[in-house]
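Residue strings, one per chain:
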Amino acid sequence: MRLIIEILTVYAIYIFGTSLLIWRYGNKDRAPIIVLTAVLPFMVVIVFFEVFVRALFQRAPQMNPCPDGLAEAERIVEKHRHEMFGGAPVPPHIAHEWQMLYAKTLEREAARVQKFAVRILRTA
Amino acid sequence: MEIRDIYFHEMTIDHFGAFIQTNLVVFVALVLLPLKWLVVRVLKDPEAEAVALMSVPEDICYVALGLVMGDMVSGNGAFQKHFAGSPNSSIDKCLTVGANLAVAILVHRLSQGCTAYFRQWRAAEAARAKDQDSDPRQGSLQIPNAGDNIKRLMVRYLGHFSLGYAVQLAIVLMWLHWVAKVVAGA
Chain B
1 MRLIIEILTV
11 YAIYIFGTSL
21 LIWRYGNKDR
31 APIIVLTAVL
41 PFMVVIVFFE
51 VFVRALFQRA
61 PQMNPCPDGL
71 AEAERIVEKH
81 RHEMFGGAPV
91 PPHIAHEWQM
101 LYAKTLEREA
111 ARVQKFAVRI
121 LRTA
Chain F
1 MEIRDIYFHE
11 MTIDHFGAFI
21 QTNLVVFVAL
31 VLLPLKWLVV
41 RVLKDPEAEA
51 VALMSVPEDI
61 CYVALGLVMG
71 DMVSGNGAFQ
81 KHFAGSPNSS
91 IDKCLTVGAN
101 LAVAILVHRL
111 SQGCTAYFRQ
121 WRAAEAARAK
131 DQDSDPRQGS
141 LQIPNAGDNI
151 KRLMVRYLGH
161 FSLGYAVQLA
171 IVLMWLHWVA
181 KVVAGA
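Those protein sequences? They're chains B and F, same order as listed. Under the numbering used here, the first residue of the first sequence carries the number 1, and numbering increases by one thereafter. Under the numbering used here, the first residue of the second sequence carries the number 1, and numbering increases by one thereafter.
Check before you lean on any hint, since a few could be wrong.
Distance condition first, Cα-Cα at most 25 angstroms in a straight line; then the derived SDA-like pairs of lysine to any residue [unchecked claim]: (1) F:Lys130 / B:Lys104; (2) B:Lys79 / F:Ser111; (3) F:Lys130 / B:Val118; (4) F:Lys130 / B:Pro61; (5) F:Lys36 / B:Glu107; (6) B:Lys104 / B:Val118; (7) F:Lys181 / F:Gly159; (8) F:Lys36 / F:Ala104; (9) F:Lys44 / B:Phe85; (10) B:Lys79 / F:Lys36; (11) B:Lys28 / F:Ala104; (12) F:Lys151 / B:Pro89; (13) F:Lys151 / B:Glu78; (14) B:Lys79 / F:Val97; (15) B:Lys79 / B:Asp29; (16) F:Lys44 / B:Arg24; (17) F:Lys151 / B:Pro61; (18) B:Lys104 / B:Pro61; (19) F:Lys151 / B:Asp68; (20) F:Lys151 / B:Ala124.
Treat the hints as calculated values from the structure; they're not laboratory data.
Given these sequences and hints, build the entire structure.
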């Protein structure tokens with residue numbers, strides 16, 4: 001019982017803290033963003049289960065191609081961040097990492113197709 | 001007011017007090033976060049508001065350290081009793097303080113990352129507002145899918161920040177849970 005109360009307390013502090021921050025500093029769509037943030041811990045638990053199931057069945061996740069213009073958008077956001085808060089520059093990396101992960105997905109797909117083709121050729 | 005009403009009123013306060021004493025984590029959450037926010041809000045300092053809310057997990061960590069140190073300086077405290085059976089009780093007590101400091105360092109490190117993501121989220125918010133307010137004929141942001149990409153980045157930064165904040169709270173309240181359990185067991 002005590003543990004449940006404490007878990008609920010952590011969740012309540014989390015919701016209170018994040019909601020206040022989003023409400024105070026967000027410009028648009030604050031209510032949907034607050035709801036999204038509130039359900040995030042549950043999504044993380046679901047993702048952990050998904051990772052466990054994927055590891056169990058040895059199924060790697062599929063990445064979609066990196067959206068066009070993401071690296072430029074990152075640069076614009078970084079420019080705004082530097083203007084607003086200063087500090088050391090943060091080099092854009094999200095688009096690059098996305099592209100690398102997509103390349104790995106393509107490699108895996110290519111290897112799978114090659115393996116399938118070899119099997120077909122052997123049987124033919 | 002009848003005597004029965006006064007009796008029930010006192011009973012409720014007693015029960016609430018006992019509940020708060022046994023659930024120190026709830027007490028800290030009830031007192032620390034809303035009061036801290038209220039003080040900064042009354043003083044109308046918007047930038048300090050973010051700093052105050054984001055430093056709550058660290059504050060809880062130092063509340064726990066205060067409980068540990070305060071109990072140890074008293075001659076016959078809860079930690080004295082808790083480690084009474086151990087042959088190296090002094091080392092155990094030092095390790096407890098060391099563990100609290102380690103939690104403080106960990107939480108501070110996570111807090112640094114969280115602050116960086118929070119700032120990036122705010123920058124993305126500003127970029128999005130500028131993108132929406134600008135005249136499309138002027139083409140201030142001449143990049144493909146600017147709005148969608150900035151939204152993607154916003155969700156990513158906010159997700160990282162929220163996750164970091166939740167992890168900090170979970171770590172620090174787990175530690176406070178243990179400290180409160182030892183203190184309550186005295």
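Hint numbers contradicted by this structure: 1, 3, 4, 5, 7, 10, 11, 14, 20
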